[in-house]
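Given the coordinates of chain P, assemble chain H onto it according to the supplied hints.
Residue numbers (the numbering used here), protein chains in the order written: chain P, 262 to 371; chain H, 61 to 173.
Read the hints as simulated data drawn from the structure, not as lab findings. Among these hints, one or two may not hold up.
[What the hints assert, rightly or not] If the Cβ cut is set under 7 Å, some of the chain P residues that face chain H in the computed set are: (1) Leu294; (2) Glu302; (3) Gly303; (4) Pro304; (5) Leu306; (6) Ala309; (7) Ile347; (8) Leu359; (9) Phe361; (10) Lys363; (11) Gly364.
A virtual CB, placed ideally from N, CA and C, is assigned to each residue, including glycine.
Letter by letter, the chains look like this.
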Amino acid sequence: GQQLNQSPQSMFIQEGEDVSMNCTSSSIFNTWLWYKQDPGEGPVLLIALYKAGELTSNGRLTAQFGITRKDSFLNISASIPSDVGIYFCAGQNGNNRLAFGKGNQVVVIP
Amino acid sequence: DTAVSQTPKYLVTQMGNDKSIKCEQNLGHDTMYWYKQDSKKFLKIMFSYNNKELIINETVPNRFSPKSPDKAHLNLHINSLELGDSAVYFCASRRQGVTDTQYFGPGTRLTVL
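Isolated chain P, as found in the complex:
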């Protein structure tokens, strides 16, 4: 199946810092999604992007759908301790399938 390259795979950041992560694919997607997974929980949708070039914010989170439709990035501004978790990107082509990245483990140091 399709796989997405997500980087970095883990990051340790100081509270208050901004975080940036991205996701690339060799295939084009119609939809890009960013999820966050807390320990012991299921992934929770953070942001959904539906058009190439789209830039969407959700509180301190901002995500962009790349112009080529083969990449997306997620920024978290002014990180706080509860931002800790695994962030997944996912691409969807309207064929009922989501292809996931391998996740980025974020640790926020108070």
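Okay, now just chain H, sitting in the frame of chain P:
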């Protein structure tokens, strides 16, 4: 109020046993999924049902059999459990349309001893 719920949350069992995991969504969605998350946290789709009809069946051993009694429920039955089946299994659902994003359940952690 839970949108996608799964039972049980934890399941510990011996090799060779048969077990089932249940999933229910109250979102009115048409499509439901089962995913497996391994120890490295990689999420891999297993099955998808749309309006009770199987539409995705990845390369999964036939010991795994999904069953959808109605479009709000998708259960997963596993026969002859093996050590390698230990993982977290997530159910998800989606309404087909413009905002066709998937919503995940809390997961079932299966441990096979």
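Taking 7 Å as the limit, does the beta-carbon of Ile347/P come near enough to a beta-carbon in chain H?
6 Å, holds
Given Glu302/P as an interface hint, is the shortest Cβ-Cβ distance to chain H below 7 Å?
6 Å, holds
Would you check whether Pro304/P satisfies its interface hint, that is, whether its CB is within less than 7 Å of any CB in chain H?
5 Å, holds
Can we keep the Ala309/P interface hint, with Cβ of chain H closer than 7 Å?
The hint holds - Ala309/P has a Cβ within 7 Å of chain H, the shortest such distance being about 5 Å.
Under the criterion of a CB-CB separation shorter than 7 Å, is Leu294/P in contact with chain H as hinted?
6 Å, holds
The hint names Leu306/P as touching chain H; please verify it with the least Cβ-Cβ distance against 7 Å.
Interface hint status for Leu306/P: holds (6 Å vs cutoff 7 Å).
If you take the shortest Cβ to Cβ gap from Leu359/P to chain H, is it below 7 Å?
Check passed: Cβ of Leu359/P comes within 6 Å of chain H, closer than 7 Å.
With chain H as the partner, please determine if Gly364/P meets the hint condition of a C-beta pair closer than 7 Å.
5 Å, holds
So, Lys363/P near chain H? Judge it on the closest CB pair being under 7 Å.
6 Å, holds
Grab the minimum C-beta distance from Phe361/P to chain H and call the hint holds if it beats 7 Å, violated otherwise.
Constraint on Phe361/P satisfied, holds at 4 Å.
Should the interface hint for Gly303/P be scored as holding, given a Cβ-Cβ cut-off of 7 Å against chain H?
4 Å, holds
Comparing the model with each earlier hint shows no violations; every hint is respected.
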